[in-house]
Amino acid sequence: MAEEKKLFKVTIDNITVEVEPGTTILNAARMIGGDVTPPAMCYYSKLKGSGGKCRTCLVEVAAGSTADPRPMPKLVASCRTTVMDGMIVKNITSEKVPDARAGVVEFLLLNHPLDCPVCDQAGECHLQDLSFDHGKEGTRYEFKRRTFEKHNLGPYIQLHMTRCILCYRCVYTADQLTEKRAHGVLDRGDHAQIATFIEKNLDSDFIGNVIDVCPVGALTDKTFRFKNRVWFTKPVDAHRNCTKCCGEVQLWMRGDEVFRVTARKDEWGEVKESTKGGTGWICNDCRFDKKSVSDWTIEGPSNVSRHSVISQGHYVGLQKPTETMPAVMGGRQPRLLMDIHSVSEVNPESVELSKINRPAHSSDFNSDKS
Amino acid sequence: MGVKLLLDKAHVPGIRSYEVYRREGGYAAVEKALKMSPNDVVEEVKKSGLRGRGGAGFPSGMKWSFLAKPEGVPRYLVCNADESEPGTFKDRYLMEFIPHLLIEGLIVSSYALGSSRTYIYIRGEYAWIPDILEQAIAEANANGWLGKNIMGTGFDCQIYVQRGAGAYICGEETALIESLEGKRGNPRIKPPFPAVKGLYDCPTVVNNVETLAAVVPIMNIGGEAYSKIGVGRSTGTKLISACGNINKPGVYEIDMTISVEEFIYSDEYCGGIANGKKLKACIPGGSSVPILPANLLLKTAKGETRYMNYESLSDGGFATGSMMGSGGFIVLDEDQCVVRHTLSLARFYRHESCGQCSPCREGTGWMEKILHKIEYGKGQMSDIDLLWDIQRRIEGNTICPLGDAAAWPVAAAIRHFRDEFEWHVLNPEESQTRNFGLAHYADPREVVA
Numbered sequence: 051m052a053e054e055k056k057l058f059k060v061t062i063d064n065i066t067v068e069v070e071p072g073t074t075i076l077n078a079a080r081m082i083g084g085d086v087t088p089p090a091m092c093y094y095s096k097l098k099g100s101g102g103k104c105r106t107c108l109v110e111v112a113a114g115s116t117a118d119p120r121p122m123p124k125l126v127a128s129c130r131t132t133v134m135d136g137m138i139v140k141n142i143t144s145e146k147v148p149d150a151r152a153g154v155v156e157f158l159l160l161n162h163p164l165d166c167p168v169c170d171q172a173g174e175c176h177l178q179d180l181s182f183d184h185g186k187e188g189t190r191y192e193f194k195r196r197t198f199e200k201h202n203l204g205p206y207i208q209l210h211m212t213r214c215i216l217c218y219r220c221v222y223t224a225d226q227l228t229e230k231r232a233h234g235v236l237d238r239g240d241h242a243q244i245a246t247f248i249e250k251n252l253d254s255d256f257i258g259n260v261i262d263v264c265p266v267g268a269l270t271d272k273t274f275r276f277k278n279r280v281w282f283t284k285p286v287d288a289h290r291n292c293t294k295c296c297g298e299v300q301l302w303m304r305g306d307e308v309f310r311v312t313a314r315k316d317e318w319g320e321v322k323e324s325t326k327g328g329t330g331w332i333c334n335d336c337r338f339d340k341k342s343v344s345d346w347t348i349e350g351p352s353n354v355s356r357h358s359v360i361s362q363g364h365y366v367g368l369q370k371p372t373e374t375m376p377a378v379m380g381g382r383q384p385r386l387l388m389d390i391h392s393v394s395e396v397n398p399e400s401v402e403l404s405k406i407n408r409p410a411h412s413s414d415f416n417s418d419k420s
Numbered sequence: 014m015g016v017k018l019l020l021d022k023a024h025v026p027g028i029r030s031y032e033v034y035r036r037e038g039g040y041a042a043v044e045k046a047l048k049m050s051p052n053d054v055v056e057e058v059k060k061s062g063l064r065g066r067g068g069a070g071f072p073s074g075m076k077w078s079f080l081a082k083p084e085g086v087p088r089y090l091v092c093n094a095d096e097s098e099p100g101t102f103k104d105r106y107l108m109e110f111i112p113h114l115l116i117e118g119l120i121v122s123s124y125a126l127g128s129s130r131t132y133i134y135i136r137g138e139y140a141w142i143p144d145i146l147e148q149a150i151a152e153a154n155a156n157g158w159l160g161k162n163i164m165g166t167g168f169d170c171q172i173y174v175q176r177g178a179g180a181y182i183c184g185e186e187t188a189l190i191e192s193l194e195g196k197r198g199n200p201r202i203k204p205p206f207p208a209v210k211g212l213y214d215c216p217t218v219v220n221n222v223e224t225l226a227a228v229v230p231i232m233n234i235g236g237e238a239y240s241k242i243g244v245g246r247s248t249g250t251k252l253i254s255a256c257g258n259i260n261k262p263g264v265y266e267i268d269m270t271i272s273v274e275e276f277i278y279s280d281e282y283c284g285g286i287a288n289g290k291k292l293k294a295c296i297p298g299g300s301s302v303p304i305l306p307a308n309l310l311l312k313t314a315k316g317e318t319r320y321m322n323y324e325s326l327s328d329g330g331f332a333t334g335s336m337m338g339s340g341g342f343i344v345l346d347e348d349q350c351v352v353r354h355t356l357s358l359a360r361f362y363r364h365e366s367c368g369q370c371s372p373c374r375e376g377t378g379w380m381e382k383i384l385h386k387i388e389y390g391k392g393q394m395s396d397i398d399l400l401w402d403i404q405r406r407i408e409g410n411t412i413c414p415l416g417d418a419a420a421w422p423v424a425a426a427i428r429h430f431r432d433e434f435e436w437h438v439l440n441p442e443e444s445q446t447r448n449f450g451l452a453h454y455a456d457p458r459e460v461v462a
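Sequence lines, in order, name chains H and B. Quick note: the working numbering has the first sequence finishing at residue 420, numbered continuously throughout. Quick note: the working numbering has the second sequence finishing at residue 462, numbered continuously throughout.
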């Protein structure tokens, strides 16, 4: 069509952007960036059909469009709702959204094992970021969490279903990147699981990408499992001439050793487009077999812009505290956090916890009451 | 005696066969409709004010007129016979006893919508009914009501019966379409709605069995006359499947002008509460709709009589009202335990959640576990508030209405029967040994011996 495309004006948290018709609210918010962008656990812009499942990206639509300014009755999934001209969206300015999102985080963590200390994804886990940003500190769930056996999907990938949040990203990846469908969801409800049909190996050249799309540690790289923590390794951009894929990767190095190879990710944690054009998915050869520096042409350190722990740890201008606890507390050396309050209901003045040379017991508190 | 439009011939001996059905005036609606233009048929249904009988109560004529009609793309009509709502069995009755009524309704509707391939998606547990329907389809084919060039009008139509594999979620229209396409029965994310992109990405209308059957009397007596039956926007007749602690469980056709009290106590319908007990509570429209205690069931919060129709049953919103739903009328007497009852519903929804979106997948299981804990004497007072919080966060935040359907019964049970939950927490041992009925919920009327 020769005529100029009309752009839609959409206002998200009082910031107005102009986007092309057909853009989703989430993508419009990503154009603004920052806190305005709703988190997304299942939506993946490179995968057709993804999104709508995790419900973390729920937003409030305060006005549908200029033509029909009625608000939408329910919160909508921003990753699957397209913008209309004059739409007004509330994300962090909404009263309902933070509550609903905290609820979703709680639901997602309900059956998640929280084994972050032994999980390879820790440090680059989207669920960690999500619960840190939007969750509550405790859980109200007091029942046994569902567990599954671990499965090996071929020689390189391990599926640890217990950690899965059923975002379906890997299902779409396996569907769209590989030639035959050998990967799907079995069962339903809270015992639904990602599975391959009859324990089939995943042997496609591009199946390794399911590791990159997994937002949690459910699909992990067996060549990297338990080798190192993510935050000890340094991401480095590198490339090689690969006949199967774009060959543009990130090497995760410690010293001169290449621990892990992944595709390059953008600020939303998604695989970037290749610099040569086309998608940035990488093949299994690059990912699993080329673990030597001599295989690669190193371009330089990656610019990690995500707010994960990888980009932290570079403490600039670190200062030691000048005041110490005993100085503030008048010479008392508190043993327990509780003891910091000099007077409280549980800690009457008569009981000096720092004087008790063992764990405090109820008898210590009740002795003088009788 | 109310008007009967659907079940008036249901008890004629041999009505299941084509000959008897035709002799009793069957297929007159097809004869009449095929002489009209498809748009006129849609207009007639619009005039009748027929509302979807599957649960949501959306006006069917409006739904039909939303159907996109792009050139060169087939349109489909799908009959939703995946009747899985606990307490609802009206469609089974209709299909089992008077299958030709549904086939006739399907032919008329297919003609109105321009669907030449029409599907009946039937739940797997109704193992014997597909045979009955297929027999009826074969008879209709043999007599020229189906196939190519029906009645010389140039309209082709064929009806296929597809058996489901027994998932409640496949009663949701987009999950039904996915299942019909041979995929996993996960609801689709809307929009696009089926009217634009449905079965095989073509415009599709999904209607309940009873809705499509009701098209037959609409054609026979005319939309105007149909809209005069009933009251207000609740036009025509509705099938109610009554069950629970009543003397006469079964499927009843009502014309939506009778009161709830009459429906429960009159001998023509439920015949009163069984064993001389008192009415405690009732779920008026299938397990998903909010439960109501006797005092709110018989009279609205304003003190008016509650009638068996869409508006009156939902009077007062969810705070003091309920919904017409799919017409599964479940009656609980004074001996029934609401906590146990809610637990069994929660267990159902946990089992039937498809697991696609997180609030429903995780929340339904959590609610079931907490209810189990309370019912078995291990609950705490805080669990009741926790349940309320969970249901509040499921409702409205899911892809399909199953999340709402799981949340509403729990919400209503806590809203109206909170002291019964509290009683379970405070008397854990006693609540194990006897079912609990709080007297003040019971119907105030005297028990007639």
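None of these hints come from the bench; they were simulated from the model. The reader is advised that the hints may include incorrect statements.
One side of the interface only, derived from the structure: several residues of chain B facing chain H at Cβ under 8 Å [to be verified]:
| hint | residue |
| --- | --- |
| 1 | 33 |
| 2 | 35 |
| 3 | 36 |
| 4 | 206 |
| 5 | 270 |
| 6 | 271 |
| 7 | 272 |
| 8 | 274 |
| 9 | 382 |
| 10 | 414 |
Pulled from the structure, derived: some chain H residues nowhere near chain B, Cβ distances all over 12 Å [stated by the list, open to error]:
| hint | residue |
| --- | --- |
| 11 | 67 |
| 12 | 95 |
| 13 | 101 |
| 14 | 106 |
| 15 | 146 |
| 16 | 156 |
| 17 | 162 |
| 18 | 221 |
| 19 | 234 |
| 20 | 238 |
| 21 | 241 |
| 22 | 286 |
| 23 | 307 |
| 24 | 324 |
Calculated cross-link-like contacts (lysine-lysine; reagent style DSS-like; alpha-carbon spacing at most 30 Å) [what the hints assert, rightly or not]:
| hint | chain 1 | residue 1 | chain 2 | residue 2 |
| --- | --- | --- | --- | --- |
| 25 | H | 124 | B | 391 |
| 26 | H | 322 | B | 203 |
| 27 | H | 124 | B | 261 |
| 28 | H | 124 | B | 382 |
| 29 | B | 261 | B | 291 |
| 30 | H | 230 | B | 82 |
| 31 | B | 315 | H | 200 |
| 32 | H | 186 | B | 60 |
| 33 | H | 194 | B | 382 |
| 34 | B | 48 | H | 124 |
| 35 | H | 59 | B | 203 |
| 36 | H | 146 | B | 82 |
| 37 | H | 124 | B | 291 |
| 38 | B | 210 | H | 194 |
| 39 | H | 124 | B | 59 |
| 40 | B | 210 | H | 98 |
Glycine is no exception: its CB is placed at the ideal position from the N, C-alpha and C atoms.
Going down the list of hints, with the structure as the test:
1. 33: Check failed: Cβ of residue 33 of chain B comes no nearer than 42 Å to chain H, outside 8 Å.
2. 35: Result: violated, 44 Å to nearest chain H Cβ.
3. 36: Check failed: Cβ of residue 36 of chain B comes no nearer than 47 Å to chain H, outside 8 Å.
4. 206: Cβ of residue 206 of chain B sits 13 Å from chain H, so the hint is violated.
5. 270: With a closest approach of 31 Å, the residue 270 of chain B hint is violated.
6. 271: violated (32 Å)
7. 272: violated (31 Å)
8. 274: violated (33 Å)
9. 382: Since the shortest Cβ distance to chain H is 5 Å, the answer is holds.
10. 414: It is violated, given that the least Cβ distance between residue 414 of chain B and chain H is near 11 Å, above 8 Å.
11. 67: Correct as stated: the minimum Cβ-Cβ distance to chain B is 22 Å, above 12 Å.
12. 95: holds (16 Å)
13. 101: Residue 101 of chain H is in fact no farther than 12 Å from some Cβ atom of chain B, at 8 Å.
14. 106: violated (8 Å)
15. 146: Non-interface label fails for residue 146 of chain H: nearest chain B Cβ at 9 Å, not farther than 12 Å.
16. 156: Since the minimum Cβ distance to chain B is about 8 Å, residue 156 of chain H lies within 12 Å and the statement is violated.
17. 162: violated (10 Å)
18. 221: violated (10 Å)
19. 234: violated (7 Å)
20. 238: Per Cβ check, residue 238 of chain H is inside 12 Å of chain B; nearest 5 Å; violated.
21. 241: violated (8 Å)
22. 286: The claim stands: residue 286 of chain H keeps its Cβ more than 12 Å from every Cβ of chain B (closest is about 35 Å).
23. 307: holds (38 Å)
24. 324: holds (29 Å)
25. H:124 / B:391: Given pair residue 124 of chain H, residue 391 of chain B is violated - Cα atoms ~35 Å apart, limit 30 Å.
26. H:322 / B:203: holds (28 Å)
27. H:124 / B:261: violated (40 Å)
28. H:124 / B:382: holds (27 Å)
29. B:261 / B:291: The given pair, whose Cα atoms are some 15 Å apart, holds under the 30 Å limit.
30. H:230 / B:82: violated (35 Å)
31. B:315 / H:200: Distance of about 59 Å is beyond 30 Å: violated.
32. H:186 / B:60: Outside the cut-off at roughly 53 Å; violated.
33. H:194 / B:382: holds (10 Å)
34. B:48 / H:124: It is violated: about 44 Å lies between the C-alpha atoms, which goes past 30 Å.
35. H:59 / B:203: holds (23 Å)
36. H:146 / B:82: The given pair, whose Cα atoms are some 38 Å apart, is violated under the 30 Å limit.
37. H:124 / B:291: violated (39 Å)
38. B:210 / H:194: Measuring from Cα to Cα gives roughly 42 Å; hence the hint is violated.
39. H:124 / B:59: With a Cα-Cα distance of about 28 Å, the restraint between residue 124 of chain H and residue 59 of chain B holds, given a limit of 30 Å.
40. B:210 / H:98: The given pair, whose Cα atoms are some 17 Å apart, holds under the 30 Å limit.
Hints 1, 2, 3, 4, 5, 6, 7, 8, 10, 13, 14, 15, 16, 17, 18, 19, 20, 21, 25, 27, 30, 31, 32, 34, 36, 37 and 38 from the earlier list are contradicted by this structure; the remaining hints agree with it.
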